[in-house]
Amino acid sequence: MKKIDQLFTFLLVPIDALMILISFVCAYKFRAEAFGFPVIYIWPFDQYLRFTLLMLPIWIIAFAFAGLYNTKRKAIAEFGHIISGASLGAMAVVLWVFLFRSDFFSRLIVFYIWAFAIVFTQIGRAILGLIKSNLYILGLKKKKLAFIGIHDTTSLNLLEQIKRNPSLGYKFEGFVSNHDLSGDKFKYLGKTDELENIIKKHEIDEVILTDTQANPETLFILMRSCQENGVIFKAVPAHAQVSARTLQFDAFAGVPIIEFRGTPLDNWGIVFKRVADIIASIIAMIVLSPIIAVISIAIKINSKGPIVYKNIRIGDKGEFETLKFRTMRIEDCTGVQYGGSRAEELENNLIENHNIKKGSAVYKIANDPRVTSVGSFLRKTSLDELPQFLNVLIGNMSLIGPRPHQPKEVQHYTKEQRKLLLIKPGISGLAQISGRSDLTFDEEARLDISYLENWSIWLDLYIILKTFSAIFKGKGSY
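All residue numbers for the sequence shown refer to my numbering, where the first residue is 1081 and numbers rise by one.
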């Protein structure tokens, strides 16, 4: 299995080189021919091509410096690395012109090279990734995976994701646990102190520790066993472990200390995110205005009452009113201005009898009888949340962040979960694209805290793209 991964990693270099070559050629043709008149200050193509071949290894080195050949690189950050690599490559071209004082060619070509390189490199890597995913789907030998833990919700959710997404390339071998799971439907491989033998016997490629209560000593022993046998080791983090990125080791007056840093959203990060929210929400409301109009008419025809439903939620600045398209009959909507105490009593009864997240800080009512026919469609497609773009524009929500919860839900937050209130709630988030309502709230909270600790513009872009996929599938909607 590792040889296949290594092969595709190796193929990145020739694929990138080909895409860079195509980018240089397209930039030349675009500058020389796109505007319909000759450019007299441009090299002959054969001379330009020789220059391109000279630049190719320099660009590959620039890509390497940008981290594009790091096997531990996260896919969600790849686009940002491509921009960095192309920018370094373009700087190398400019530097070459300066050092050799060449008559060169149209300076505008440098910009075209940079733009084409970003687009074509992304396309080349996407095609390579698609080939790799389809090889897995077609039955190529997959990575053998084992879980250390029990059949809890976390493990079952991970198994469901593996089942739904064969392109991930995993084959689940079974559980490793000190609890006897031999009578269960999932294969029991043995106890944790037998992990080394289990790895060799079943040729395990990757191990995931799903037990969030494992003590540090056990975690270290398991990790060492995997490392010594060349096996990838991963662990589902507890809340305390999720925050590990904020730790910085330093020295103060000769004494080693640990500083608990802020998050990437401190200082300029929050400014960039707010500017992006304003621009994106304005564009979204303009582009989606025809859909908003159609939905508004459908709601009005389907049932009496207001089109938009207001509900009190808690954000980073306290209580605020969220806006949603109304999906329930008006007399069943909670709140004094709607169904009043009767609606509250009905909701409490439904939570007690139909809550699929019992014991959690939040609730979800299965097969909610209060929902209208139009409302059911809106919830399934998440179109009921379109008015929240106005919340984003106002500033009490963000495009990406944790789900906003009601005051009665926030009251049940644990101390660790209250960290979610440090960031503006979002229309979508890391939890929504990772299983949506199939996740427990504790799992949602860990994902959202991880988002807070690891925020970047590229992570936001990744979540936005994955949100569209989750909406189209219509799975696990809230």
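Just so you know, the hints here were simulated from the structure itself, not pulled from any lab data. Fair warning: this is a prediction, and the values are worked out from it, not measured in the lab. By construction, the Cβ of each residue, glycine as well, lies at the ideal position given by its N, Cα and C atoms. Some clues are possibly wrong.
[Stated by the list, open to error] Using C-beta positions, here's what the derived DEER-type ranges look like:
| # | residue 1 | residue 2 | range |
| --- | --- | --- | --- |
| 1 | Asn1429 | Pro1296 | 25 to 33 Å |
| 2 | Pro1370 | Asn1295 | 52 to 60 Å |
| 3 | Pro1296 | Ser1167 | 23 to 31 Å |
| 4 | Ile1387 | Pro1246 | 35 to 43 Å |
| 5 | Ile1387 | Ser1549 | 24 to 32 Å |
| 6 | Leu1470 | Arg1304 | 21 to 29 Å |
| 7 | Trp1176 | Glu1297 | 14 to 22 Å |
| 8 | Gln1241 | Trp1176 | 23 to 31 Å |
| 9 | Arg1304 | Val1355 | 17 to 25 Å |
| 10 | Leu1129 | Pro1296 | 26 to 34 Å |
| 11 | Ile1312 | Leu1426 | 46 to 54 Å |
| 12 | Ala1373 | Gly1310 | 57 to 65 Å |
[Said to hold, decoys possible] Calculated pairs, PhoX-like style, for lysine-lysine (alpha carbon to alpha carbon, straight line, at most 20 Å):
| # | residue 1 | residue 2 |
| --- | --- | --- |
| 13 | Lys1499 | Lys1488 |
| 14 | Lys1314 | Lys1243 |
| 15 | Lys1271 | Lys1314 |
| 16 | Lys1460 | Lys1397 |
| 17 | Lys1404 | Lys1380 |
| 18 | Lys1390 | Lys1444 |
| 19 | Lys1404 | Lys1495 |
| 20 | Lys1223 | Lys1281 |
| 21 | Lys1460 | Lys1444 |
| 22 | Lys1251 | Lys1224 |
| 23 | Lys1314 | Lys1224 |
| 24 | Lys1271 | Lys1222 |
| 25 | Lys1223 | Lys1109 |
| 26 | Lys1212 | Lys1222 |
| 27 | Lys1460 | Lys1488 |
| 28 | Lys1384 | Lys1444 |
| 29 | Lys1267 | Lys1212 |
| 30 | Lys1281 | Lys1271 |
| 31 | Lys1267 | Lys1280 |
| 32 | Lys1380 | Lys1444 |
| 33 | Lys1271 | Lys1243 |
| 34 | Lys1397 | Lys1384 |
| 35 | Lys1460 | Lys1404 |
| 36 | Lys1212 | Lys1251 |
Structure-based check of each hint:
The given range of 25 to 33 Å is broken by Asn1429 and Pro1296, whose C-beta atoms sit roughly 45 Å from each other. Between Pro1370 and Asn1295 the beta carbons are some 57 Å apart, a value that agrees with the proposed interval 52 to 60 Å. With their beta carbons about 41 Å apart, Pro1296 and Ser1167 fall outside the hinted range of 23 to 31 Å. For Ile1387 and Pro1246, the Cβ-Cβ distance of about 42 Å falls inside the hinted range of 35 to 43 Å, so the restraint holds.
Between Ile1387 and Ser1549 the beta carbon distance is about 28 Å. The supplied range of 24 to 32 Å therefore holds. Checking the proposed 21 to 29 Å range against Leu1470 and Arg1304 shows it is violated: the Cβ atoms sit about 53 Å from each other. At about 55 Å, the CB distance of Trp1176 to Glu1297 disagrees with the hint of 14 to 22 Å. The beta-carbon spacing between Gln1241 and Trp1176, approximately 47 Å, falls outside the hinted interval of 23 to 31 Å.
Remark: the range hint 17 to 25 Å for Arg1304 to Val1355 is contradicted by a beta-carbon distance near 46 Å. Remark: the range hint 26 to 34 Å for Leu1129 to Pro1296 is contradicted by a beta-carbon distance near 58 Å. The beta-carbon spacing between Ile1312 and Leu1426, approximately 50 Å, falls within the hinted interval of 46 to 54 Å. For the pair Ala1373 and Gly1310, the supplied restraint of 57 to 65 Å holds, since their beta-carbon distance comes to about 59 Å.
At roughly 17 Å between alpha-carbon atoms, Lys1499 and Lys1488 fall within 20 Å of each other, so this suggested pair holds. As the CA atoms of Lys1314 and Lys1243 are separated by approximately 19 Å, the hinted pair is consistent with the 20 Å bound. Among the hinted pairs, Lys1271 with Lys1314 is consistent with the structure: their alpha-carbon atoms are about 18 Å apart, no more than 20 Å. About 29 Å separates the Cα atoms of Lys1460 and Lys1397, which puts this hinted pair outside 20 Å; it is violated.
Restraint check for Lys1404 and Lys1380: the C-alpha separation of about 14 Å stays at or below 20 Å, so the hint holds. Note on Lys1390 and Lys1444: the hinted pairing holds, with a Cα-Cα distance of about 18 Å set against a maximum of 20 Å. In summary, the hint linking Lys1404 to Lys1495 is not supported, as the alpha carbons are separated by about 29 Å, beyond the 20 Å threshold. Simply put, Lys1223 and Lys1281 have alpha-carbon atoms about 15 Å apart, close enough for the 20 Å limit, and the pair holds.
Our distance criterion of 20 Å between C-alpha atoms is met by Lys1460 and Lys1444, whose separation comes to about 14 Å. Using a Cα cut-off of 20 Å, the hinted pair Lys1251 and Lys1224 holds, with the two alpha carbons roughly 5 Å apart. For the suggested pair Lys1314 and Lys1224, the alpha carbons sit about 14 Å apart, so the restraint of at most 20 Å is met. Annotation: proposed proximity of Lys1271 to Lys1222 is violated, straight-line Cα distance about 24 Å (limit 20 Å).
The straight-line distance between the Cα atoms of Lys1223 and Lys1109 is roughly 44 Å, outside the 20 Å bound, and the hint therefore fails. Distance restraint check for Lys1212 and Lys1222: the Cα-Cα separation of roughly 11 Å lies within the 20 Å cut-off, and the hinted pair is therefore satisfied. The hinted pair formed by Lys1460 and Lys1488 fails the criterion: a straight-line CA distance of about 25 Å is larger than 20 Å. Under the criterion of a C-alpha separation no larger than 20 Å, the hint pairing Lys1384 with Lys1444 is inconsistent with the structure, at around 25 Å.
Note on Lys1267 and Lys1212: the hinted pairing is violated, with a Cα-Cα distance of about 28 Å set against a maximum of 20 Å. Of the supplied pair hints, the one linking Lys1281 and Lys1271 holds, its CA atoms being roughly 14 Å apart against a limit of 20 Å. At roughly 16 Å between alpha-carbon atoms, Lys1267 and Lys1280 fall within 20 Å of each other, so this suggested pair holds. Between Lys1380 and Lys1444 the CA atoms are separated by roughly 26 Å; this puts the pair beyond 20 Å, and the hint is violated.
For the given pair, Lys1271 sits about 25 Å from Lys1243 by alpha-carbon distance, which is inconsistent with the 20 Å threshold. At roughly 33 Å between alpha-carbon atoms, Lys1397 and Lys1384 are farther apart than 20 Å, so this suggested pair is violated. Taking the CA atoms of Lys1460 and Lys1404, the gap is near 14 Å; set against the 20 Å cutoff, the hint holds. Taking the CA atoms of Lys1212 and Lys1251, the gap is near 15 Å; set against the 20 Å cutoff, the hint holds.
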